[in-house]
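Read off the chains here:
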Amino acid sequence: MSNHIDGSRNSCALHGALQLIEAIEGAVPVIHSNAGCGYQHFLGVNRLNAGGDAFGGPPVSSSNISEKHVVFGGSSRLREQLKNTIQVVEGDLYFIVSGCSTEMVGDDIPAMTKEGRDQNFPVIYANTPGFRGDVHHGYQLAVKALVEQLPDLLKAGRTRTAGQVNLWGVIPHQDPFWAGNLEEIGRLLEGIGLKPNLLLGYGQDVNGWHKVPDADLNIAVSIWGETPAKLLEERYGTPALTLEGLPVGAAAGRMLLAVSEKLGIDRERTESFVRSEENRLNRHLAALADTYYRAGFQLEFALVGESAQVVGLSEFLTSTLGLIPRTLVITDNPSEEAKATLQSLLAALVEGWGTELSFSEDHIEISGLIRSGGAGLVLGSALEEQVAVELGLPFLQVSFPLSGRVVINRGYAGYKGASSLLEDLGSVILSHALRADISSQDKHSRSGTVFYT
Amino acid sequence: MSNHIDGSRNSCALHGALQLIEAIEGAVPVIHSNAGCGYQHFLGVNRLNAGGDAFGGPPVSSSNISEKHVVFGGSSRLREQLKNTIQVVEGDLYFIVSGCSTEMVGDDIPAMTKEGRDQNFPVIYANTPGFRGDVHHGYQLAVKALVEQLPDLLKAGRTRTAGQVNLWGVIPHQDPFWAGNLEEIGRLLEGIGLKPNLLLGYGQDVNGWHKVPDADLNIAVSIWGETPAKLLEERYGTPALTLEGLPVGAAAGRMLLAVSEKLGIDRERTESFVRSEENRLNRHLAALADTYYRAGFQLEFALVGESAQVVGLSEFLTSTLGLIPRTLVITDNPSEEAKATLQSLLAALVEGWGTELSFSEDHIEISGLIRSGGAGLVLGSALEEQVAVELGLPFLQVSFPLSGRVVINRGYAGYKGASSLLEDLGSVILSHALRADISSQDKHSRSGTVFYT
Amino acid sequence: MSLLKAKSPRIREKRLDTLNAWLGDTAAAIAEFSGEDTVQRIRTFSQGAQDDLLYVLRLLAGIRNSVTIIHAPRGCAAAGLYHQVTSGRGHWIVSNLDQRDTIMGADRKLRKAVTAAHRQYRPEVIFIVASPVTAINNDDIQAVVEELHEELELPVVPVYVTGFASRNAVTGYDIALHSILKHSGGDRRVHQRSSKVNLLSVVEHPADRFEAERLLSSLGVDLNILPDGASSKTFRLATEARLSLSLDQDSENYLGVILRDEYRVPYIEQPRPVGVEATGRWLVAAGRALGIEDAASVLHEQESERVRRELGDFSLEGVRVYLALSPATAFAVADLVGEFGGEVAGITVSHLDKLHTARLEVLSRRSPALQLHVADGQPFEELNIVRRIAPDIYLGDAAHLGQVGRLGIPVVSLENTPVLGYNGVTGLARSLSLALRNRSFGAALAGIPTSYTGAWYRRSPNWHIKKEVR
Amino acid sequence: MSLLKAKSPRIREKRLDTLNAWLGDTAAAIAEFSGEDTVQRIRTFSQGAQDDLLYVLRLLAGIRNSVTIIHAPRGCAAAGLYHQVTSGRGHWIVSNLDQRDTIMGADRKLRKAVTAAHRQYRPEVIFIVASPVTAINNDDIQAVVEELHEELELPVVPVYVTGFASRNAVTGYDIALHSILKHSGGDRRVHQRSSKVNLLSVVEHPADRFEAERLLSSLGVDLNILPDGASSKTFRLATEARLSLSLDQDSENYLGVILRDEYRVPYIEQPRPVGVEATGRWLVAAGRALGIEDAASVLHEQESERVRRELGDFSLEGVRVYLALSPATAFAVADLVGEFGGEVAGITVSHLDKLHTARLEVLSRRSPALQLHVADGQPFEELNIVRRIAPDIYLGDAAHLGQVGRLGIPVVSLENTPVLGYNGVTGLARSLSLALRNRSFGAALAGIPTSYTGAWYRRSPNWHIKKEVR
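One line per chain: the protein sequences are B, Y, Z and U, in this order.
Start counting the first sequence at 197; every next residue gets the next number (the working numbering).
Start counting the second sequence at 197; every next residue gets the next number (the working numbering).
Start counting the third sequence at 244; every next residue gets the next number (the working numbering).
Start counting the fourth sequence at 244; every next residue gets the next number (the working numbering).
Hints are not guaranteed to be accurate.
Below, a list of computed lysine-lysine pairs in the DSS-like style, where the Cα atoms sit at most 30 Å apart [as the list claims (entries may be wrong)]:
(1) B:K535 with Z:K709
(2) U:K709 with Y:K264
(3) Y:K264 with U:K710
(4) B:K310 with Z:K597
(5) B:K535 with Z:K355
(6) Z:K710 with B:K264
(7) Y:K391 with B:K391
(8) Z:K355 with B:K264
(9) Z:K709 with B:K310
(10) Y:K535 with U:K355
(11) U:K257 with Y:K264
(12) U:K257 with Y:K310
(13) B:K264 with Z:K257
(14) U:K709 with Y:K310
(15) Y:K264 with U:K597
(16) Z:K248 with B:K264
(17) U:K352 with Y:K535
(18) B:K279 with Z:K352
(19) Z:K250 with B:K264
(20) Z:K710 with B:K279
(21) Z:K352 with B:K351
(22) Y:K279 with U:K597
(23) U:K250 with Y:K264
The set of hints was computed from the structure by calculation and includes no laboratory data.
Chain B extracted, bound-state conformation (with noise of 0.2 Å):
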C-alpha cells in the first residue's frame, strides 16, 4: 500500500508522460483530464526546473473536461480536442495521455485514437492517471506507447545508421541536468565513433523515434531505461547495455569500454580517446588541489537525489574527489528488485564508510535523515535545503525540483560534467569556507567588545 508523502517529488504518471512527450520536438501532447492537470505539472514541474520551458508555459492541448463528461463520459470531448487540436497546434505526432477522471469515468481513449488514426492522423495514446504511479511510471508508459505504436505511424521505409545507440531512461526534469547529460553522453558515444541517437531535447524529432528499431545497442542510464531495452530487445532483438548510474567522470570511461565490448569496437581507438578524456579531466584536479585542500573538501556528504544520480555522482565523489559518502537517500521510488541491486551495488562503492543508505520520498523523512545522519555536506533537491541552512552547512541543488537555479544544458555526466561538478561543488564548499572564516572575523569582533574595551 503506498503512503502519503510530505513534499512529493515524484510529481504523477500524466505529468511523466508530459515530460516525456515535451521533450520530443513536434510531438504535441493532447491532454484529455482536468483543466488543472496540465497546469499543475507546469507550476510543479517545469518551473522548478528554470529555463527549461520547452513551450513557453502549460501543455498546449488539454480537454479540460467538466461535470458534463464526468456525469455522461468525455469520450466525445476528446474526439472534438484531438481534430482541432491536429488543426491548430503544429505537430508531427499527437500522443493522446489520460487523467484520473477521465480514467475513473471509463472514457475510450484507445477508440478514439483508432478513429484519429483512421482519419490519417499521427496519433499514439498512453493511459497516464495519476493514481496509476509517479513520474517514472508515466515515462515508461509513455514510452511503452511510443515503441508499440509509432511503427503503424510510418510510411517511408527507414535508412539504417551503422553504429546507432538509443539512450534511455533519463527522464526530462527529474533529471534537472537530463538535456545536458544527454548531450555530453552522445559526445562521448561520437568520441568512439558511434552514432548516439539521444531521443530527447534540441534536434530531437519524431524521426529520431522512428529509428529506435533500428539501433545497435540500447543504453539504459537509469533503472527507468531498464523496461524500454528489455521491450526492444525483445520485439527487435536489439541487445542492451544497463549502466550502474550515471556516469561520471571515470565511470563514463568504462562506459565507453563495456560499450565497444559490446559492439566488437577496436578496443585501442577507445583506450586512446578515454586516456586523453581522463587526462584532461585529472589536470583540472590537479589546477583545484590547492583550493582543494586548503578549504577542506574532503567532507562526509548526504546525497539525495534519483538512483542514477545518486549511484553515478556518489561515484564520482567518492571514488575520485575522495569525499565521503555518510547519509545516502534514492527518491525514485525503486521495484523491490531494483532496491537490491541498488542496495548491492552501492554497498560495494561505500563499503567501509558506514554510509547509511535509504529509500524514501518524503521531505520530512529525508530531512531527518540529513539531520541525524552528520554529514558536512548536502547535495539534494531544493526540499533539502532548508535542513542544510539549519544545520550550517554547504549545500548544492544537484535534484528535482530545483529553485532559484537556471538550468540550460549545463550536465553532470562524463567528463565535462564531472569538471562542471567540480565548479558548483567546488564554489558551494570554497564560498561556505570563506564565509567562515569572515564570520569567524566577525565573531571575533563581537566577542572583542567583551574582551578589548
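Position chains Y, Z and U relative to chain B; hints supplied.
Relative to the frame of chain B, chains Y, Z and U by itself:
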C-alpha cells in the same frame, strides 16, 4: 602620473608575464627577484581564481635575491639559478622574468640569457619590473619576448597548417574565464573550417608558439591583443582582426562572418554554421522566457570588468537579453587612445540608456559609482560584492578577482558561453527574486505580530 | 438560512453568471449580463488552465500555522511543491491515492496522513482538500474530519473542491473561504464590534499588501488582514471587526459578503486601488466609512504629489497596450494606462461576471470599440488576437507569457509585480519604461515559431467558442 | 637602551641564529646552535617563498580599524587583495610607484595616499609599509609620517620592511610588532598592573583563538588578546597587563620579550597547546602563574576525558606521518602524532633557531634518527624527501600542497585547520581519519607528473644547500 589604488586588482607587470608563461605547457618561468614576488602572485592572482592553479603552488623557480645581491648585483645568482633550474625543473622553454629589485640594481638579464643560449639552453627573457606597469603590460612584454626570441630557438623547420588563426589578448586569470573562452572561440573557428591556435591552456605548448608566424590571421580578442597582432603584421605581414570585445552570443556570429570575409572563406558555409548556433541559443532563450518575465530579468545593471568583458557582456545583456546598462566601469587601464575608441564604441551600444561609463581601478571609487548609479543588478569582481550586498542587489562574479567561485573551463564567450551566462546570471536573478518573496513573507509575519494579536 | 450551512458555495457560474469563454465588444458584454440567464460558452478546443483546486491551494498557502493534506493521487500536490519551493509557503501532504484506493476508498490513509501532520507540525489547523478523484469516488471525508477533530482537539477543515464542477478557477477562492469560515468562524450571535478593520487580501503580492497597510496604518487604522498571512485567530477577529475593506472584489467578494450577511460587518467594495486616482478614491472611501475622510484626502494629496514627482516625464502617449489579467485588475490597470496617457488596445480577462457590469459601462462609454476577450489559459486565442491587434506592449499575469513573447513584442509580467497604491504606480511605470526602451529579448524570441498553425492564425479567434447546449 | 629605539628589529638570522636551509638529523641540528656563531646556508637553486613583507601584511590584516598603505609598485599589494577578498580583512592601498617614482622618489604620492585613507576610512591607525623598491631607493618615509601624524592627529606608523634583508619571513612579524609597539605602545614609566592577561596570538586561526579564549575564560581569566583582532587600545592595555601568555613562540617571541623587557609584563613561553598533554601543560602553567593551578588541572581532566570519549578508537598505530609546518607547530603536532600512536617519518620546518633547542633535545632523545629539513616554500626538496620516505600521510600548511598531492599520498592542510586545545585534537583526528580512509583524490593526482626532472629525484635532497661564504 599614476595614483595610489585602493584594492588594486591589476597586479603588476611581473605577475602578468607569469600568468602568460604558466598557461603554456612546458614553459618554466624563472623569476629573478625577491622571494616574495612569486608568492604574491600565487596569493593575489592564482588563489583568486580557484581551480586554475597549473603548477600546484607558487612559481617553481625564483632566485630569491638577498641583501648581498642588492648591494653587489645579482647577475651571478641568476646564472646559477638558471643553470640549476634546467637541471631540476622539467621544461621545454625557460623564461627569465625580472622584478623591481633586480632591475633597480641593474642586473644584466639579456647577458645571462645569452650565456644560457650559448650553452644550448632554450632560454628567453623579459624585463618585467612591477614599476613598469600592470598585469596587461606584463602580458604584452612576455608575448613580445616570445614572438621576438622564439625563432632563434627553433631548430627544425616548421610545417605550415592552412587556415591557422592565432588568438591574442586573453590574459589568463585576469579574465577568470580565459580557458573556457578560448576553447569556445576555438570551437567556433573550427566550425567554419579553420585551425585555431589558442596558444594558452590545456594542450597548448611551446610548439604552438613556434607556429605563430605561420598563421593566416591574428585575432585580437581584447585591446591587449592589438600590440602582438601589430607586431606580427610588421614581422610577417600576417593580417589582423581586432574584435570589439569578448564575442558573446550574436557577436560571435559576427566574428565568424568577419573572419570568413577576411580569409575569403565560403560565406554560405559560415552563415549556415552561424544560423545553427544562433537557433540553438534562441531556443534556449525561449525556454527561459517564462522565468525571464516572472522573475523580472529586465533590470538595469552595473558591470565592472576588463574592457573586453564590459563590451562583450554588456552588448549581449543589452542587445539580446534586453537589460539596460546603467553603470559600466572599465578597470584594465586602457591607453588614452583605446579609451577614446571604447568610449565611442560603447556610446553607440548604450545610446539612449543614459549609461554612465567610467574608467577606474580603485575599489572605493568603483563602489561609489555603483552606489550612485542606481542599478538593480551588479556584475563585477569579488571586490564589488560588498556594495551589492549593502544595496541588496543580485550579484554575479564575472571579473577578476573571484572569491568563493571555482572555475575550471566555464566561459562566457561564444554561443556556449552565452548559455552559461544565462544559467549563472539567471540563477542569481531568480534566486534573488525568490528570496525577496520569501523574506517579504517573513516581514509580513513579523509585522503580523502587530496587527493580528 | 445561513450560506455557510452548505458543504460548499455555489459555483461562480450559478452565483454570478460567470463566463470563462467569450469575445466581443464592451456593449455586447453588458448585454450578456442584462438578461435573467446568461448563456454559458464552451470551447471545442481548449488548453490547460487553472482550476478551482489550484486556487484553493494558492489561498491555503497563505494561511499561517496550517498544514494542507491534498486527498488525491500524487500529481495533485505538484502546485503545493511549487509554493513550498519557490516561496517557502505552506506544508503539503498528499494522501497519494493509488488505483486500489480509487476503488476501495482510502479513509485509513487519510486518517494516517492527518495524524502524521498533527504530530509533525502541531499546526493550528489542518485542511483536507478534496480532488477530482475523491469527488468522483464520493469519498467520505466528513467522517474522518469529525473523528479526528475530536481526537486531536484541532480544527480539521474539509475543503470540497472537485476540479470539474466549475469552469472558473476563481470558484476555488469561494470554496476555500467558505470552508474556513464554516469551520473556524466566530460566534454568530450579537457581537461587540471591535476597533479593527478587516483588510481583505487574497493572494496579493506581499508588497501590495504592505502598500495597503502602509497607507491605512498611517491613517491610524487598526487592521486585521485576511486571508493572506492569517491565522485562526485572525478569522475569529474578523467577525467582530467594524468594517471590511476590499482590495480585489473578484477574489474577496464571497468573504466580504459572508462577513456582512452572517456577521453584520459592513463591507466596502471599492475598485482596486491601482493608479493614482483609483487609489485616492479607495482611500477616501475607506476614510469616509471610518470618519477620517479629511486625513485620507490629505494623504492622497501628498502621495499623488510624490508620484507625480517620481514619474517625471514618463508617459505612454502613443503607446497601445494589451492587457491580459484577472478582470478587476485588468479594468483597474486599464484606467492606469489611461492616466499614463496610453491607449488600451485590447483586453483579455480570465473571467467575466455580474460584478463587472459597472466597470464595463464605464469602459463602454470611454472606448466603445474596445474588444474584450474572456479566457483563462487559452494562449492560442490570445496570440491570434494579439497578432491582429499588434500592440506596442503586452501586460499579463498568466503562465503562458513565454508564448506571447514569441510574437516579438515587449511583455511585462504582473504575476510577481506589485501594482497597488502609489508605489504600484511608480513601480509599474518603471517596468513599462524598461520594457518599451529595450525590446531586444522579444526580438530574439521572435525567431522561435509559436506552437500554432498558419491555418489557425487565419481563423477568427473565437472560432472554438460555442454556446453551451443544455 | 630600549630595543624600540631602532627603526626596525634585528633580523632573525642575527637575533636567533635562524636557519632557513638545512638538512640533517636532530643531533646535528642541536650541534648547529651549540656554538657561538651558526653558519648560515644558502640555496643554489630556490623557489618562490614568503618573505618578511608578506608576514607584515598578514599580521597587519588582523589589526582592527586600521588602513595599510603599501608604499611600493602595484604588485606588492597582491597579498592585500588576497586577504581582503578571501577573509574580508584589512583595507589595502598601494601607492603604486612607477618607473619615474623609483628615480625621483614619491613623497607626494605617499602623502596623498595617507590623506585619502584618512578621509575614506577614519581609521584609528594608518600603517605605511615599506617595500624592496623603497628600501633600495631609501625613500624618506619618516618625513611623511611625522608631517601627517601631526596634521591628521592620528598615529601613522611606518613599517620598515625590505623583502631581502632577511631570508626568514618570520622576521616580518618582528618588524610589524616592533613598529606597532614603537608608535602606539603605552607609557613606559611605572605602571599600575591591571587584572588583564595578554594572550599573544599572531595570525592564529580564529577557531584556535576561540579555543584558547574558551579555556581561559572558563577559568575566569580576563583576557587581552593581541595582535590578532587588536585595536590601538588593546596594545596600550597590553603594557599594563599582569602577564603575557604565549600561543606560538615562533611568531610572538618578540612581542613577549618587548612587553617583558620594556614594560615588565611577565612572559610565559610555553610550547603550543597542541594535543591533550601539551594543552594540559600549557593550561596548568598559566594557572600556576595566575594562582589558579587547581582549577586549571580540573578543567584539563574534564576536557581530556571528553576528548578521549570523542576519539573513540581512533588511532594512528602503524601510520607514518610527514610534517611540514612552522617549527613550533611542527614540534607540537609531532607530539600529538605520538599521542595518537603514530610515527613521525620526517619533518620540514620553515625555519629553525635557538628558540628550538629544548624541543630538539626532546626529539633527539625520542627519535634520534629522525630527519629534519629546514625550508620555506621549497617543494622541490620536500618532494624529493617525501618520495624517498614514502609516508602514509603528509600534514602541511604551505601553498604548495598541490604539488605534494601529485605524489599520490593523502595530504591534510593545516593552513585553515584549527589545531589548538582539546577541540583541535578532535578536529585534527577527524581530518586525518578522513584523509587516511579515502585516498582517491591523491590517486587521481598521481596521474599528473610533478614539475621536476628524474635527474633531480636521483640527487640528494640537500644538493642545492650550501654553506654561505662570507
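A quick look at each hint next to the structure:
no.	hint	in the structure
1	B:K535 with Z:K709	violated (52 Å)
2	U:K709 with Y:K264	holds (16 Å)
3	Y:K264 with U:K710	holds (15 Å)
4	B:K310 with Z:K597	violated (44 Å)
5	B:K535 with Z:K355	holds (26 Å)
6	Z:K710 with B:K264	holds (15 Å)
7	Y:K391 with B:K391	holds (25 Å)
8	Z:K355 with B:K264	violated (33 Å)
9	Z:K709 with B:K310	holds (26 Å)
10	Y:K535 with U:K355	holds (26 Å)
11	U:K257 with Y:K264	holds (15 Å)
12	U:K257 with Y:K310	violated (38 Å)
13	B:K264 with Z:K257	holds (15 Å)
14	U:K709 with Y:K310	holds (27 Å)
15	Y:K264 with U:K597	holds (24 Å)
16	Z:K248 with B:K264	holds (26 Å)
17	U:K352 with Y:K535	holds (24 Å)
18	B:K279 with Z:K352	violated (40 Å)
19	Z:K250 with B:K264	holds (21 Å)
20	Z:K710 with B:K279	holds (19 Å)
21	Z:K352 with B:K351	violated (50 Å)
22	Y:K279 with U:K597	violated (34 Å)
23	U:K250 with Y:K264	holds (21 Å)
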